[in-house]
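There are 2 protein chains.
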Amino acid sequence: MRRVGIKDVARLAGVSVGTVSHVLNRPEVVAATTRQRVEQAIGELGFVRNSAAGTLRAGRSKVLGLVVMDVTNPFYTDIARGAEDVAQVNGYVVILGNSDESDDKESNYLRVLQEQQVAGVLITPVHDDSTRLRQLRDVGTSVVLVDRPAQGVDQCSVAVDNVAGGRLAAEHLLGLGHDEITFVTGPAAIRQCADRRAGVKAALRAAGIPAATGLREFVVPAMNTASGRAAGEKLVQGKRRPRAIFCANDLLAVGVLHVLLRAGVRVPEDVMIVGYDDITSAESAAIPLTTVRQPTYQMGHMAAELMIAECEQPQHHAHQQILFQPTLVVRSTTKASPPR
Amino acid sequence: MRRVGIKDVARLAGVSVGTVSHVLNRPEVVAATTRQRVEQAIGELGFVRNSAAGTLRAGRSKVLGLVVMDVTNPFYTDIARGAEDVAQVNGYVVILGNSDESDDKESNYLRVLQEQQVAGVLITPVHDDSTRLRQLRDVGTSVVLVDRPAQGVDQCSVAVDNVAGGRLAAEHLLGLGHDEITFVTGPAAIRQCADRRAGVKAALRAAGIPAATGLREFVVPAMNTASGRAAGEKLVQGKRRPRAIFCANDLLAVGVLHVLLRAGVRVPEDVMIVGYDDITSAESAAIPLTTVRQPTYQMGHMAAELMIAECEQPQHHAHQQILFQPTLVVRSTTKASPPR
DNA sequence: CCGTCCGATTGAAATGATTCAAACAGCGAC
DNA sequence: GTCGCTGTTTGAATCATTTCAATCGGACGG
Numbered sequence: 135m136r137r138v139g140i141k142d143v144a145r146l147a148g149v150s151v152g153t154v155s156h157v158l159n160r161p162e163v164v165a166a167t168t169r170q171r172v173e174q175a176i177g178e179l180g181f182v183r184n185s186a187a188g189t190l191r192a193g194r195s196k197v198l199g200l201v202v203m204d205v206t207n208p209f210y211t212d213i214a215r216g217a218e219d220v221a222q223v224n225g226y227v228v229i230l231g232n233s234d235e236s237d238d239k240e241s242n243y244l245r246v247l248q249e250q251q252v253a254g255v256l257i258t259p260v261h262d263d264s265t266r267l268r269q270l271r272d273v274g275t276s277v278v279l280v281d282r283p284a285q286g287v288d289q290c291s292v293a294v295d296n297v298a299g300g301r302l303a304a305e306h307l308l309g310l311g312h313d314e315i316t317f318v319t320g321p322a323a324i325r326q327c328a329d330r331r332a333g334v335k336a337a338l339r340a341a342g343i344p345a346a347t348g349l350r351e352f353v354v355p356a357m358n359t360a361s362g363r364a365a366g367e368k369l370v371q372g373k374r375r376p377r378a379i380f381c382a383n384d385l386l387a388v389g390v391l392h393v394l395l396r397a398g399v400r401v402p403e404d405v406m407i408v409g410y411d412d413i414t415s416a417e418s419a420a421i422p423l424t425t426v427r428q429p430t431y432q433m434g435h436m437a438a439e440l441m442i443a444e445c446e447q448p449q450h451h452a453h454q455q456i457l458f459q460p461t462l463v464v465r466s467t468t469k470a471s472p473p474r
Numbered sequence: 135m136r137r138v139g140i141k142d143v144a145r146l147a148g149v150s151v152g153t154v155s156h157v158l159n160r161p162e163v164v165a166a167t168t169r170q171r172v173e174q175a176i177g178e179l180g181f182v183r184n185s186a187a188g189t190l191r192a193g194r195s196k197v198l199g200l201v202v203m204d205v206t207n208p209f210y211t212d213i214a215r216g217a218e219d220v221a222q223v224n225g226y227v228v229i230l231g232n233s234d235e236s237d238d239k240e241s242n243y244l245r246v247l248q249e250q251q252v253a254g255v256l257i258t259p260v261h262d263d264s265t266r267l268r269q270l271r272d273v274g275t276s277v278v279l280v281d282r283p284a285q286g287v288d289q290c291s292v293a294v295d296n297v298a299g300g301r302l303a304a305e306h307l308l309g310l311g312h313d314e315i316t317f318v319t320g321p322a323a324i325r326q327c328a329d330r331r332a333g334v335k336a337a338l339r340a341a342g343i344p345a346a347t348g349l350r351e352f353v354v355p356a357m358n359t360a361s362g363r364a365a366g367e368k369l370v371q372g373k374r375r376p377r378a379i380f381c382a383n384d385l386l387a388v389g390v391l392h393v394l395l396r397a398g399v400r401v402p403e404d405v406m407i408v409g410y411d412d413i414t415s416a417e418s419a420a421i422p423l424t425t426v427r428q429p430t431y432q433m434g435h436m437a438a439e440l441m442i443a444e445c446e447q448p449q450h451h452a453h454q455q456i457l458f459q460p461t462l463v464v465r466s467t468t469k470a471s472p473p474r
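Each protein sequence line maps, in turn, to chains A and B.
Numbers 135 to 474, taken from the numbering used here, label the letters of the first sequence in order.
Numbers 135 to 474, taken from the numbering used here, label the letters of the second sequence in order.
Some clues are possibly wrong.
Identical chains share a label here; the pair holds if one copy fits it or two copies do between them.
Stated by the list, open to error - Here are the computed lysine to aspartate or glutamate pairs in the DMTMM-like style, where the Cα-Cα straight-line distance is at most 20 Å:
#  : residue 1 : residue 2
1  : 141       : 249
2  : 373       : 439
3  : 373       : 234
4  : 239       : 219
5  : 141       : 178
6  : 335       : 351
7  : 368       : 249
8  : 469       : 249
9  : 368       : 404
10 : 469       : 403
11 : 469       : 295
What the hints contain is simulated information worked out from the structure, not anything from laboratory work.
Build the full structure now, drawing on both the sequences and the hints.
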């Protein structure tokens with residue numbers, strides 16, 4: 135029942151604790167025969183190292199913190215998975231935290247992670263400048279921003295170009311002959327919404343259409359299916375029915391789509407719809423949804439890679455601000471569906 | 135830049151390190167005035183405790199390990215979220231690991247978690263008896279099985295009754311007048327599939343229908359939408375078209391549904407379909423899917439609660455084997471959809 | 001044969017919070 | 001004035017590993 139420690143291994147193998155430690159950490163410096171003897175002893179006793187002691191001495195653990203808004207959101211789930219995969223092959227382990235868009239929860243997590251002596255933190259911060267986050271970097275913990283472009287050049291970040299994404303969606307609709315786009319979006323305070331909107335305006339400008347006539351906006355309080363339904367009701371009842379709708383995310387789009395179909399509107403013949411995110415249900419929606427896909431897994435992957443590079447090679451590490459490009463996935467809400 | 139430790143706080147507050155530690159861990163034993171002085175010093179120096187030291191001394195950290203097959207699967211995502219929420223309010227933190235159904239990855243994770251001196255491990259084991267898992271319990275780490283009923287009474291487990299779930303689905307279809315059910319399922323080696331199948335047979339038996347005529351089975355290699363499509367193709371082409379289909383999970387059901395609709399089959403008028411899991415896209419599928427819902431978040435929640443109870447009150451903790459009951463969610467694939 | 005050098009091994013210091021027995025201060029009772 | 005009690009505070013031992021300077025043993029060159 136008693137924990138077997140490095141000392142027990144040393145005794146059994148007839149060497150000093152220092153040697154056992156060497157076998158564990160720099161096997162190349164210990165003679166092959168002793169190494170074997172030690173490894174045998176480790177196996178016999180079922181020894182597993184106590185990383186707490188190592189962490190205490192080194193001042194940092196092989197743990198990464200990942201703080202996202204909510205893992206339940208597939209966007210973050212994929213990021214988490216990407217980060218975890220990279221961590222795993224590099225011998226790191228990931229502590230996952232949900233901030234639920236609360237500064238308090240976020241701050242609390244950052245404190246706990248600092249207590250844990252994590253090597254680094256991957257985070258989608260709730261707000262751009264967090265005291266706790268700065269403090270964390272001050273004590274030498276690396277931080278990589280996820281889904282947020284870094285302000286300065288003093289840290290790494292991995293984000294997706296939301297302006298380009300909005301532009302992609304708008305250009306697609308404009309290219310199909312529309313000259314007015316109805317943008318169903320969340321509050322402008324949400325950066326993603328604002329950026330995607332900016333993309334739409336850019337596309338309109340490029341097409342020579344003034345925003346005043348080309349952009350109709352419909353702001354909903356939350357970015358979920360229920361809000362989408364509500365928006366759909368209003369749009370159906372409105373006197374001037376839209377022909378081209380771009381929703382700031384797929385959940386909104388699915389909600390809108392349902393209401394329109396139920397009201398007898400034909401999609402895409404009467405109304406075209408473009409979503410954003412390419413969540414799994416986008417493909418299996420009532421009418422497969424045209425949407426903008428973001429390289430989510432890639433983001434988590436890249437973020438963790440940058441982090442680990444920074445941790446392991448701090449001297450020759452240049453901070454990078456990665457900006458991924460989204461892609462348009464054309465399905466049946468913007469073109470005739472295949473004959474049934 | 136240098137780490138501020140408990141010593142620095144003690145010096146600034148003019149007390150001993152022991153007192154500072156007391157302020158942190160048992161504030162009630164230290165006089166109010168000294169406590170304030172110490173708290174002030176902590177604030178001024180921005181001190182955060184180094185939990186590695188505590189872990190080293192205590193032999194366990196306030197960290198839980200959570201090992202699931204794949205967080206990307208919404209089933210596990212919800213479990214993770216449930217567990218995380220409970221951990222968070224109890225001052226614990228969760229290390230998340232994906233085993234990808236690989237014994238090696240699982241075993242590797244368990245070793246790393248043991249190295250981290252985790253207080254406990256929540257796990258959906260790939261196989262029922264893992265050496266590493268037993269070893270973990272041998273060294274005194276509590277283990278709670280998730281989505282697996284414990285074999286003995288020597289550990290906690292939280293699972294859902296898959297037999298009941300299968301039965302629920304089958305009874306629903308039988309109650310709608312069918313006397314033959316086509317069960318689209320993964321390999322029988324997957325316990326969930328086998329259990330759900332057993333539920334179907336139980337329902338048939340209860341209805342007095344021999345399994346030989348009442349149960350048609352269709353085994354697919356993987357439990358995803360693509361497999362569902364493949365199954366759908368076969369079913370459509372088959373000479374005797376099924377009238378009632380029960381799919382072992384929603385992804386299969388969505389795949390089958392798409393193919394049927396594309397082939398001009400009317401759902402639910404010609405064919406009824408029941409899925410399993412109630413994934414988010416079930417509701418927004420081409421035709422909202424009737425399915426069996428599992429209390430996933432609840433499972434994670436309960437698992438973490440059991441774990442923490444066991445960790446904090448090991449003396450009066452009785453191991454529990456929780457079996458949650460699934461519920462049937464009736465939507466439009468088994469009854470006439472509302473008029474459009 | 002002695003000195004030197006090199007690779008292998010050792011032993012002990014260091015890491016930072018916790019905890020517990022012991023010291024201490026203050027106060028009331030006798 | 002002393003004893004004892006209570007409520008605070010202290011200081012040192014403890015946890016397991018890492019790391020580095022020191023040591024050891026052997027080989028090789030002079």
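Quiz item: Which earlier hints can't be squared with this structure?
Solution: 2, 3, 7, 8, 11
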